[in-house]
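Those protein sequence lines, which keep their order, are chains A and B. The letter at position 55 of the first sequence is residue 55 when you use the working numbering, and the numbering goes up by one with no holes. Add 116 to the 1-based position in the second sequence for the working numbering, that's all there is to it.
It is worth saying that the hints were derived from the structure and are not from the lab. These numbers come from a predicted model, not from an experiment. Incorrect hints may appear among the rest.
As the list claims (entries may be wrong) - BS3-like, lysine-lysine: derived pairs with alpha carbons at most 27 Å apart:
(1) K55/A - K41/A
(2) K66/A - K177/B
(3) K177/B - K42/A
(4) K42/A - K165/B
(5) K177/B - K20/A
(6) K41/A - K177/B
(7) K14/A - K66/A
(8) K14/A - K64/A
(9) K215/B - K55/A
(10) K41/A - K165/B
(11) K66/A - K215/B
(12) K177/B - K14/A
(13) K165/B - K64/A
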Amino acid sequence: GAVVSQHPSRVICKSGTSVKIECRSLDFQATTMFWYRQFPKKSLMLMATSNEGSKATYEQGVEKDKFLINHASLTLSTLTVTSAHPEDSSFYICSARDTGMNTEAFFGQGTRLTVV
Amino acid sequence: AQSVTQPDIHITVSEGASLELRCNYSYGATPYLFWYVQSPGQGLQLLLKYFSGDTLVQGIKGFEAEFKRSQSSFNLRKPSVHWSDAAEYFCAVGAWGEKLTFGTGTRLTIIP
Chain A
1 GAVVSQHPSR VICKSGTSVK IECRSLDFQA TTMFWYRQFP KKSLMLMATS
51 NEGSKATYEQ GVEKDKFLIN HASLTLSTLT VTSAHPEDSS FYICSARDTG
101 MNTEAFFGQG TRLTVV
Chain B
117 AQSVTQPDIH ITVSEGASLE LRCNYSYGAT PYLFWYVQSP GQGLQLLLKY
167 FSGDTLVQGI KGFEAEFKRS QSSFNLRKPS VHWSDAAEYF CAVGAWGEKL
217 TFGTGTRLTI IP
């Protein structure tokens, strides 16, 4: 099946710094990628929908200036957590949807962000 | 608005016993339904999906799910669980080209 690679898998950063998470579709083109956040023992909550070449669409309550999303190519989307705070610590997962007839969303392995 | 309800937060079953995880959805049109499994600290792996056709779908690892439109349900089943099935299971609903809405998940514990 299609592969989505997310990097890094784990990152620790200091409060006030920024961290970038990459999501790549390795063997297919994804005009749309999704970024989810998962709180401990909670479900995945969609943060934003990323479309190649255009601005991301953020879900209600998600600060777009804090969670910067860039989708510069058909195989790469990035999420930058700016001025990170401990409450931003979470598990972030991206998914990329195949643009063909198959509507399956392929998920990356996730990134565990810890802000200290 | 679409939503997914997984009424069981935590289920414990004995190894070798049968399993059924419940999922109810609310969706305005014909739903696309998915079951994912997540091991601790890992991403999501697709177990199976339903788009149309046969309402009983087979997935990987011996799982199956049945779509029942009249009950708005898409329950996941496995006839005999293995210790390696211990994980978190998420039901999700979506449409072509759109985001997925996930349930809150069911944590499965297997006892010897």
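Hints, verified against the model:
The straight-line distance between the Cα atoms of K55/A and K41/A is roughly 31 Å, outside the 27 Å bound, and the hint therefore fails. The hinted pair formed by K66/A and K177/B fails the criterion: a straight-line CA distance of about 40 Å is larger than 27 Å. Taken as a hint, the K177/B and K42/A pair is honoured in the structure, with Cα atoms around 24 Å apart against an allowance of 27 Å. Simply put, K42/A and K165/B have alpha-carbon atoms about 22 Å apart, close enough for the 27 Å limit, and the pair holds.
Distance restraint check for K177/B and K20/A: the Cα-Cα separation of roughly 34 Å exceeds the 27 Å cut-off, and the hinted pair is therefore not satisfied. Taking the CA atoms of K41/A and K177/B, the gap is near 24 Å; set against the 27 Å cutoff, the hint holds. In summary, the hint linking K14/A to K66/A is supported, as the alpha carbons are separated by about 15 Å, within the 27 Å threshold. Distance hint between K14/A and K64/A is fulfilled; the C-alpha atoms sit about 21 Å from each other, no more than 27 Å.
This hinted pair checks out: K215/B and K55/A have alpha carbons roughly 16 Å apart, not beyond 27 Å. Using a Cα cut-off of 27 Å, the hinted pair K41/A and K165/B holds, with the two alpha carbons roughly 24 Å apart. Of the pairs offered as hints, the one joining K66/A and K215/B holds, with about 21 Å between alpha carbons and a cut-off of 27 Å not exceeded. Between K177/B and K14/A, the direct Cα distance comes to roughly 41 Å. Violation of the 27 Å bound is thereby established for this hinted pair.
Annotation: proposed proximity of K165/B to K64/A is violated, straight-line Cα distance about 32 Å (limit 27 Å).
The structure shown violates the earlier hints numbered 1, 2, 5, 12 and 13.
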